[in-house]
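When you get a sec, could you build the whole thing from the sequences and use the hints?
Residue numbers (the numbering used here), protein chains in the order written: chain Y, 134 to 293; chain S, 3 to 299.
One thing to keep in mind: the hints can contain errors.
As the list claims (entries may be wrong) - The following label-pair restraints were derived from C-beta to C-beta distances:
1. V58/S with R139/Y: 26 to 32 Å
2. T213/S with V272/Y: 46 to 52 Å
3. S262/S with M264/Y: 24 to 30 Å
4. M264/Y with R249/S: 48 to 54 Å
To be verified - A short, non-exhaustive set of chain Y residues, derived as facing chain S with CB atoms under 10 Å:
5. D166
6. L238
7. L245
Please keep in mind that the hints were generated in silico from the structure rather than gathered at the bench. C-beta: ideal position from N, C-alpha, C; glycine also.
These are the residues of each chain, in order.
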Amino acid sequence: MSHSIRLWLVVLCLFSAHFIMHVGFGLGPEVPDMLTIALLLAAREIGIGGATGLGLAFGLLEDSLSVLAFGASSVAMTITGALGATTRNLFVGDSLSFQLSYFILGKWARDLLHWVMAGEALRLPFLEQVMLNGFLGGVYAAAIAVPLMVLLGSRRREAR
Amino acid sequence: MVAFRPEPEYAEGQRRQNILAILFCILALVTAYIPADMQQSIAWSMRVTALRPFIVTQQWVAAAKENAAEAGILRAQLDSLTASVSSQADLLDENRILRDLLDLAERGEAYFLPATVLRSGIPGSESTFFLELGSGDGIENGAPVVNRHGLVGRILEVRQEISVGMDWTHPDFRVSAMLQDGRTYGIVENRRGAFREEDRLVLNGTAYYETVPDDTLVVTSGLGGLFPRGIPIGRIAGIEEVQGQWRKAYRLQPMVEPGSATHVIVFTNPSPKNLYQLWSDDSSSTVEEEIAERRDP
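Listed below in C-alpha cells is the structure:
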C-alpha cells in the first residue's frame with residue numbers, strides 16, 4: 134500500500150474517531166483533538182491549497198455542532214492547515230523533537246485562533262482556554278500523533 | 003510525515019496552491035461573518051448529512067445506557083405502580099369529580115414531551131444540547147426546557163425531527179424572574195466566572211431598598227411571554243453586586259446543574275401561562291440538596 138493511501142486512511146480513521154468520541158459518546162477534553170492531529174498530519178504531505186481546503190472542511194463540520202461561534206473553528210482550522218503546510222518549506226528536519234514541537238504548537242495555534250475568533254462574550258478566559266487547555270491539549274495531541282507517525286512509517290522513510 | 007522535498011519544479015503549481023489557499027482562507031472568514039440564518043442553514047445541512055451518523059450513534063448510546071442502568075429499577079417501579087393504581091381507581095374517579103367541581107386546571111402532562119439530552123464534546127458547544135424532538139412533535143423555537151428541579155434552558159432552533167437547545171450557562175441566556183411571593187422582579191442572567199466552574203446565575207435589576215433573604219426561591223415571572231410563570235430557577239445565595247443606591251444583584255444557587263440533566267421535559271405549543279401547580283414549594287429542591295439528603299437521610 135502506498136504511503137499516500139496509508140496517510141489518507143489514517144486521516145479518515147482519525148476523523149471518524151474524533152466525531153465518534155466527541156459526538157457519539159459525548160466525551161469532552163478527555164479525548165484528544167484528533168481532527169487537528171489529522172489536519173497537521175495531512176498538512177505536511179499535501180500542498181498548502183489542499184491543507185487549507187481540508188482545514189476548512191473540518192472546521193465547518195466542527196462549527197455545525199458549536200452553535201456558539203459559527204466560523205471560529207473554520208477560520209482556526211484553515212489557518213492551522215496553512216501554517217502546517219508552510220512548515221514544509223521552512224523546516225527540513227523530521228526529528229522527534231521537531232515532531233513534538235510541531236504538534237504541540239500546531240494544536241496550541243489552533244486553540245489560540247479559535248479563542249480570537251470566538252468573540253469576547255463567548256470565549257473562556259485567555260489563561261484557561263489558551264495557556265492552560267491549549268498547551269495541555271497540544272501535549273496530549275503530540276502524545277497521540279508521534280507514535281501514530283512511527284506506525285505510519287514516516288520516520289523510517291526519512292532514515293533511509 | 004515525509005522528509006523535506008525540493009520545491010515543485012514548476013512555479014505554476016505552487017502559484018495555484020497559493021491561490022487556492024488564499025481562496026479557502028477568504029471562504030473561512032466569510033463563514034464567520036455571513037448572516038446567522040445562512041450559518042444555521044449550513045450547520046443544519048452538515049448535521050443531517052455528514053454528522054448524522056455520529057448524532058444517531060449518541061442517541062443509541064444514550065438509549066443503551068438508559069436501558070442497561072434502569073431496566074431493573076423501572077420494572078420494580080412499574081410493578082409498584084400497577085399495584086397502586088389498581089387499588090386506587092376509585093380515588094382517581096373521586097379526584098376527577100372534585101377537580102371538575104373546583105374548576106381546577108388539569109395537570110401539565112398534555113403540555114409536555116419528555117426527551118433525552120444529547121451533548122457533543124466539541125469545543126464551543128458547551129452550553130448547547132440536542133433533543134430528538136422537532137416541529138413534528140409540536141415543539142417551537144423558544145420552548146422552555148425543564149426537569150423536575152426547575153428550568154434547564156430553552157429551545158434555540160427546531161427542525162422536523164431534531165432541535166437544538168441552550169442551557170442557562172449560555173452567555174445569551176436571560177429570563178424574566180421574580181421571587182416566589184411576587185414581591186421583587188428582575189432579570190436572571192448567566193455571569194461568566196474566571197473559570198467555567200465559577201459560572202453562576204444572577205438575579206439582576208432588583209430595587210436597592212428591597213431586601214431579599216437568602217434561600218428564597220426565584221421563579222420565572224411570565225413577563226415577556228417566552229417562559230410560563232412559576233418555573234423554579236434557583237435560590238438566593240447572597241448579594242452579587244450593588245450599584246450606587248438604586249440597584250442590587252443577587253447570586254443564585256441554581257435548581258438545575260445542566261451537566262447532570264440527562265432527561266428533560268419540553269413544553270409543546272401552546273404552553274400554559276402559569277405553572278405554580280407543577281412545582282409545589284415543599285417538593286422543590288436543588289440537585290445538591292437531594293444529594294445531601296441521600297447522604298444524611
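Verification of the hints:
1. V58/S with R139/Y: 26 to 32 Å: At 29 Å between Cβs, range holds.
2. T213/S with V272/Y: 46 to 52 Å: Holds, at about 50 Å.
3. S262/S with M264/Y: 24 to 30 Å: holds, 29 Å
4. M264/Y with R249/S: 48 to 54 Å: violated, 35 Å
5. D166: Interface hint status for D166/Y: holds (8 Å vs cutoff 10 Å).
6. L238: This interface hint is violated because 15 Å lies over the 10 Å limit.
7. L245: Check failed: Cβ of L245/Y comes no nearer than 13 Å to chain S, outside 10 Å.
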